[in-house]
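Colleague: The chain contents come next:
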Amino acid sequence: MFNFLVQFIPRAVVQGVPLMYGCVGETITEKSGNLNLGTPGIMYVGGICGVIGAFFYENAVGNNMNPFLGVFIPLMCTLIGSLLMGLIYSFLTVTLRANQNVTGLALTTFGIGIGNFFGGSLIKISGADVPSIVLSRTSKLFSATIPGASKLGAIGEVLFSYSTMVYVAILFAILAALIISKTRVGLNLRSVGESPATADAAGINVEKYKYFATCIGAMVSGLGGLFYVMGYASGIWSNDAFGDRGWLALALVIFTIWRPGHSIWASIIFGGLFILHNYIPTGVNLANKELYKIIPYLATIIILIITSVRNKRENQPPESLGLSYFREDR
Amino acid sequence: MNKVPLIHITRRKELPWYRSWAVRVIAVVVALILCGVITLLLVKENPISIYATMIKGNFGTTKKVWNMLEELAIMLCTSLALAPAFRMKFWNLGGDGQVLMGCLGSAAVMILLGGKLPNIVVVLLMLVAAIVAGTIWAGIPGFFKARFNTNETLFTLMMNYIATQIVAFFVVVWENPKGSSNVGIINQASRAGWLPTIFNQKYMIIIIVAVLLTAAIYVYMKYTKHGYEISVVGESESTAKYIGIKVRKVILRTAALSGAICGLVGFLLVGGVSHTLTTSLSAGRGFTGVMVAWLGKFNPFFMILTSFILVFLDKGAKEITTIFGLNDSFGSILTGLILFFIIGCEFFLNYQISFRKKQNKEVA
Numbered sequence: 001m002f003n004f005l006v007q008f009i010p011r012a013v014v015q016g017v018p019l020m021y022g023c024v025g026e027t028i029t030e031k032s033g034n035l036n037l038g039t040p041g042i043m044y045v046g047g048i049c050g051v052i053g054a055f056f057y058e059n060a061v062g063n064n065m066n067p068f069l070g071v072f073i074p075l076m077c078t079l080i081g082s083l084l085m086g087l088i089y090s091f092l093t094v095t096l097r098a099n100q101n102v103t104g105l106a107l108t109t110f111g112i113g114i115g116n117f118f119g120g121s122l123i124k125i126s127g128a129d130v131p132s133i134v135l136s137r138t139s140k141l142f143s144a145t146i147p148g149a150s151k152l153g154a155i156g157e158v159l160f161s162y163s164t165m166v167y168v169a170i171l172f173a174i175l176a177a178l179i180i181s182k183t184r185v186g187l188n189l190r191s192v193g194e195s196p197a198t199a200d201a202a203g204i205n206v207e208k209y210k211y212f213a214t215c216i217g218a219m220v221s222g223l224g225g226l227f228y229v230m231g232y233a234s235g236i237w238s239n240d241a242f243g244d245r246g247w248l249a250l251a252l253v254i255f256t257i258w259r260p261g262h263s264i265w266a267s268i269i270f271g272g273l274f275i276l277h278n279y280i281p282t283g284v285n286l287a288n289k290e291l292y293k294i295i296p297y298l299a300t301i302i303i304l305i306i307t308s309v310r311n312k313r314e315n316q317p318p319e320s321l322g323l324s325y326f327r328e329d330r
Numbered sequence: 001m002n003k004v005p006l007i008h009i010t011r012r013k014e015l016p017w018y019r020s021w022a023v024r025v026i027a028v029v030v031a032l033i034l035c036g037v038i039t040l041l042l043v044k045e046n047p048i049s050i051y052a053t054m055i056k057g058n059f060g061t062t063k064k065v066w067n068m069l070e071e072l073a074i075m076l077c078t079s080l081a082l083a084p085a086f087r088m089k090f091w092n093l094g095g096d097g098q099v100l101m102g103c104l105g106s107a108a109v110m111i112l113l114g115g116k117l118p119n120i121v122v123v124l125l126m127l128v129a130a131i132v133a134g135t136i137w138a139g140i141p142g143f144f145k146a147r148f149n150t151n152e153t154l155f156t157l158m159m160n161y162i163a164t165q166i167v168a169f170f171v172v173v174w175e176n177p178k179g180s181s182n183v184g185i186i187n188q189a190s191r192a193g194w195l196p197t198i199f200n201q202k203y204m205i206i207i208i209v210a211v212l213l214t215a216a217i218y219v220y221m222k223y224t225k226h227g228y229e230i231s232v233v234g235e236s237e238s239t240a241k242y243i244g245i246k247v248r249k250v251i252l253r254t255a256a257l258s259g260a261i262c263g264l265v266g267f268l269l270v271g272g273v274s275h276t277l278t279t280s281l282s283a284g285r286g287f288t289g290v291m292v293a294w295l296g297k298f299n300p301f302f303m304i305l306t307s308f309i310l311v312f313l314d315k316g317a318k319e320i321t322t323i324f325g326l327n328d329s330f331g332s333i334l335t336g337l338i339l340f341f342i343i344g345c346e347f348f349l350n351y352q353i354s355f356r357k358k359q360n361k362e363v364a
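These protein sequence lines are chains A and B, in that order.
Here our numbering is used: the first residue of the first sequence is 1, the next is one more, and so on.
Here our numbering is used: the first residue of the second sequence is 1, the next is one more, and so on.
Please keep in mind that the hints were generated in silico from the structure rather than gathered at the bench.
Possibly wrong hints are sitting among the right ones.
The calculated lysine-lysine pairs, modelled on PhoX-like cross-linking and capped at a C-alpha distance of 20 angstroms, are [claimed, not checked]:
#: 1; chain 1: B; residue 1: Lys318; chain 2: B; residue 2: Lys63
#: 2; chain 1: A; residue 1: Lys124; chain 2: B; residue 2: Lys318
#: 3; chain 1: B; residue 1: Lys318; chain 2: B; residue 2: Lys44
#: 4; chain 1: A; residue 1: Lys124; chain 2: B; residue 2: Lys44
#: 5; chain 1: B; residue 1: Lys241; chain 2: B; residue 2: Lys225
#: 6; chain 1: B; residue 1: Lys178; chain 2: A; residue 2: Lys289
Could you build all of it, start to finish, from the sequences and the hints given here?
Modeller: This is how it looks when you write it as structure tokens:
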């Protein structure tokens with residue numbers, strides 16, 4: 001059992017980290033009252049932008065890669081790509097006050113399209129036999145681990161064996177939790193999400209907060225896409241491989257009842273649930289495996305029901321989530 | 001100092017219909033031009049031939065026209081299913097799951113009873129099974145929304161994935177031949193449970209259903225008591241309570257209706273189009289349907305137009321990708337771009353922008 005856990009937990013963590021980025025990003029966004037259903041698309045764009053950056057950098061310099069640039073270029077590409085997606089969403093919903101659900105769904109269609117289109121084009125350029133792009137050199141830079149961790153045995157394996165981006169995700173989650181609950185900026189942000197009219201009356205610039213929260217949230221989510229490619233898939237991009245993780249990240253936001261701090265353990269649990277079906281001995285009965293994949297979604301629904309039945313005020317979604325704000329409306 | 005902002009935005013009164021449609025048409029045209037330019041940069045063809053290819057993808061051959069009509073009918077039915085719920089501000093994002101459950105219900109009857117009962121009975125049972133499955137799938141979130149005000153957007157979204165996995169489970173159970181992880185064409189020899197062809201056209205029956213459904217939903221929303229209750233609940237729940245509408249009942253009933261029609265779509269897909277069961281049968285139509293219904297302002301006749309735009313784009317982009325050797329996902333990019341424009345143009349219908357006037361400046 002112990003050996004199993006030592007083997008299982010690191011895998012669950014690596015599965016969970018893309019979800020953690022997505023969840024923290026989306027929580028920041030939702031705290032401002034914007035329900036961004038475009039997150040799955042944003043994570044695709046984040047992933048493919050990093051891949052594009054890494055691909056051209058690897059091809060340009062060949063074998064003598066500068067480790068700093070090798071990390072910096074894909075990182076910047078991801079941040080810029082997901083920032084642009086966040087800007088599209090905020091421009092449409094905040095400035096033009098479009099319907100958030102419709103805009104988000106359109107953004108997801110667009111983002112997944114971008115990811116698979118450029119992914120497919122790069123595969124064509126690289127002329128590979130298999131339908132994927134391999135960026136193992138960049139991935140190696142991203143997965144540099146803490147030196148000496150492997151000597152610490154089981155504890156090292158479970159706690160210290162990960163690449164930097166895993167710890168960055170945890171750092172982001174803690175930072176987001178602190179900023180949202182402990183600082184004035186966080187208080188303002190929450191008030192914008194709960195009641196924009198009140199916030200506006202108190203002199204808070206509602207549009208600015210919504211823009212910043214959505215764009216920062218999008219950039220954090222986008223990093224989840226980058227980590228998926230570079231950290232989890234060891235630098236291999238193939239179309240649609242990212243799958244439904246974006247929606248799972250959205251589910252995780254509900255599961256954590258809008259508290260980024262909880263996303264650290266919750267995303268690891270979700271990651272574990274996501275791969276659990278590989279570990280449950282089913283023998284020849286492959287059908288049951290499909291049923292085990294239901295667990296994370298079912299858990300989310302149960303949390304959703306429980307929070308609404310108990311109706312505790314501190315566990316509710318932001319009051320104005322999904323609504324656009326226009327000052328002159330009554 | 002009296003600061004007057006440069007831009008002042010006010011809500012405007014409703015525009016006459018021809019002006020609002022003019023704005024929408026302009027948005028679509030601008031978006032199409034942008035799409036043309038992007039395609040142009042990628043394939044370096046002359047723009048006319050790009051648009052011609054798009055038209056050819058939809059109307060090039062008789063077969064393509066029928067395929068396009070079938071897609072249009074299914075798309076329209078899905079969005080018609082969602083429209084009453086949206087009217088009530090019940091954001092049913094679970095269309096995909098409800099359609100899939102409908103597919104599952106139909107396929108189950110086809111596989112288990114096909115050939116054992118007279119064909120007409122099988123088809124009727126398929127229809128019933130599909131509608132029941134769809135109703136349950138939307139009824140569950142509807143019940144919790146009505147009873148506990150549980151967030152339906154997220155609930156229905158999660159129900160999609162549960163439906164997908166349940167279908168995946170049955171695909172493995174019913175796989176044919178064993179080990180192929182594929183159901184294959186159901187009852188290929190006996191054609192039990194296949195919808196009949198009308199005038200030798202496989203898809204005619206689907207188109208007829210879509211036409212009837214459009215009319216039915218139009219009447220239901222506009223001329224029945226139910227339709228009235230839906231719009232009152234959508235506008236304001238407190239008003240609805242005040243005038244004695246049982247809000248919970250309306251929410252549950254409308255959600256269930258939404259699911260029932262989605263189930264019907266599943267029945268059409270399995271019985272009339274694919275004759276198989278896969279997890280991707282609904283192909284994201286539950287999401288596209290949201291956009292179609294919303295862009296068509298929940299009016300069934302406008303929705304014919306909006307679903308045509310989306311289907312046309314999709315088919316056209318597919319044709320471009322095959323002819324010019326681009327990647328399949330090009331269509332999604334174009335669709336996304338055009339949607340952004342249509343979504344964005346709504347602003348100019350609802351709001352008026354006035355710039356700071358000169359005299360204001362002197363005062364400041």
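Colleague: It remains to establish, for every hint, whether it holds in the given structure.
Modeller: Okay, the hints, checked on the actual structure:
1. At most 20 angstroms may separate the alpha-carbon atoms for a hinted pair to count; lysine 318 of chain B and lysine 63 of chain B meet this at roughly 15 angstroms.
2. For the hint pairing lysine 124 of chain A with lysine 318 of chain B, the CA-to-CA distance comes to about 18 angstroms; that is within 20 angstroms, so the pair holds.
3. For the suggested pair lysine 318 of chain B and lysine 44 of chain B, the alpha carbons sit about 17 angstroms apart, so the restraint of at most 20 angstroms is met.
4. The straight-line distance between the Cα atoms of lysine 124 of chain A and lysine 44 of chain B is roughly 18 angstroms, inside the 20 angstroms bound, and the hint therefore holds.
5. Under the criterion of a C-alpha separation no larger than 20 angstroms, the hint pairing lysine 241 of chain B with lysine 225 of chain B is consistent with the structure, at around 15 angstroms.
6. At roughly 17 angstroms between alpha-carbon atoms, lysine 178 of chain B and lysine 289 of chain A fall within 20 angstroms of each other, so this suggested pair holds.
Comparing the model with each earlier hint shows no violations; every hint is respected.
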